[in-house]
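To convert, note that position 211 of the sequence shown is 211 in my numbering; the numbers rise steadily by one, no gaps.
Be careful, since some hints might not be right.
[What the hints assert, rightly or not] 25 Å max Cα-Cα, derived SDA-like pairs, lysine to any residue:
(1) Lys-161 with Gly-80
(2) Lys-78 with Gly-19
(3) Lys-8 with Tyr-265
(4) Lys-177 with Val-52
(5) Lys-179 with Val-274
(6) Lys-78 with Met-150
(7) Lys-161 with Lys-177
(8) Lys-161 with Lys-180
(9) Lys-7 with Gly-174
(10) Lys-11 with Leu-257
(11) Lys-161 with Asp-75
(12) Lys-8 with Lys-177
(13) Lys-7 with Ile-34
(14) Lys-78 with Glu-92
(15) Lys-180 with Lys-7
(16) Lys-18 with Val-258
(17) Lys-23 with Leu-10
(18) Lys-264 with Val-52
(19) Lys-264 with Ala-30
(20) Lys-23 with Val-274
(21) Lys-18 with Leu-252
(22) Lys-11 with Thr-28
(23) Lys-23 with Val-35
(24) Lys-8 with Lys-23
(25) Lys-7 with Val-160
(26) Lys-23 with Val-258
(27) Lys-11 with Leu-25
(28) Lys-179 with Ser-108
(29) Lys-177 with Ala-30
(30) Lys-264 with Asp-12
(31) Lys-7 with Thr-28
(32) Lys-180 with Leu-96
(33) Lys-23 with Gly-270
(34) Lys-7 with Val-35
(35) Lys-23 with Lys-179
(36) Lys-8 with Val-258
What the hints contain is simulated information worked out from the structure, not anything from laboratory work.
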Amino acid sequence: MARAPQKKTLKDFFLPHKGNGFKPLLFTGAGIAIVVSGLLLLQAAYVLQTMVVFTQTNFLASVLPGVLSTLANEDREKNGVAALVPDELLAEAAQLKANDMAEKGYFSHVDPLGRAPWYWLDQVGYSYTYAGENLAVDFKDSEDVEEAWMNSPTHRANIVKPQYTRIGIGTAEGEYKGKKTTFVVQFFATPRQGIALGGGIGSLGTGGGQVLGAEVETFDASIASFMTQVAASPTHTYIYVLSAGAALLLLLLIIALVSHARVKYVEVIGGGLVLISIVLGVLLYTVFSSAEPVVPEGDATNTIVIE
1 MARAPQKKTL KDFFLPHKGN GFKPLLFTGA GIAIVVSGLL LLQAAYVLQT MVVFTQTNFL
61 ASVLPGVLST LANEDREKNG VAALVPDELL AEAAQLKAND MAEKGYFSHV DPLGRAPWYW
121 LDQVGYSYTY AGENLAVDFK DSEDVEEAWM NSPTHRANIV KPQYTRIGIG TAEGEYKGKK
181 TTFVVQFFAT PRQGIALGGG IGSLGTGGGQ VLGAEVETFD ASIASFMTQV AASPTHTYIY
241 VLSAGAALLL LLLIIALVSH ARVKYVEVIG GGLVLISIVL GVLLYTVFSS AEPVVPEGDA
301 TNTIVIE
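My request is simple: use the sequences and hints to build the entire structure.
The following block contains the structure:
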């Protein structure tokens, strides 16, 4: 009677021993095929998130404001500045501006009619002493947006400006330069008068009537959903996973080489280098093929002070 094939164990895959001919299966053709299959699944998930979920659903619009608020507050904390509080009325103004850019296909602090950003604050009756605006378009990752703003002197100044106490973010889908994209408007402000009730933010409009926002979740870094931030930053997440995978493969290769004197060095090293090269190739392609978000540069109209 023929003997039933023995089940493969983790030891067979990762450690050289007599049972696997002193050649861990991970570094054979079968192991390489498994790793490549895993990479294909990861790539499919990445493409699905960036090309379908982000562009064909309202997922990005629903999570991006909270995630960007968290990232802004993280950068403010690094610079010793107090956290911003989400303001529903300010977010309403940001949404109006985002909708206008998406509908008309422009990308600028000043709209085609020559109206400054503060026009949109006036439209919702937002009374302020300080206000600022950041814009972004053409991106696939929330962390890329924050990095682009922090690399732009005028936009960075808005994020870390200590006078600001409120933040409101709006997003809209539209076309820019013939390509479907997401427009992001980030407003900062210090209201002239305000009141907070149970987490809600209130602002006094220019007409003197009080407008109370509904309760808004504060996306503080300590309580923000990790999965939401991961989902809103697919490029950075994918890069982290690939980097960790390459490091893990290198570690496993070293362990395999030093764990047994009879290991087949040439075959194991060859298989290990092939695996690591494949992962690094995908990693480098992802890094260099990801587009930088577009932010307005050289525009001094993104801040205002009302004395």
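- Message: Under the constraints set out in the numbered hints, which ones does this structure not fulfil?
- Response: Failing hints, ascending: 2, 5, 7, 8, 9, 12, 14, 15, 18, 25, 29 and 35.
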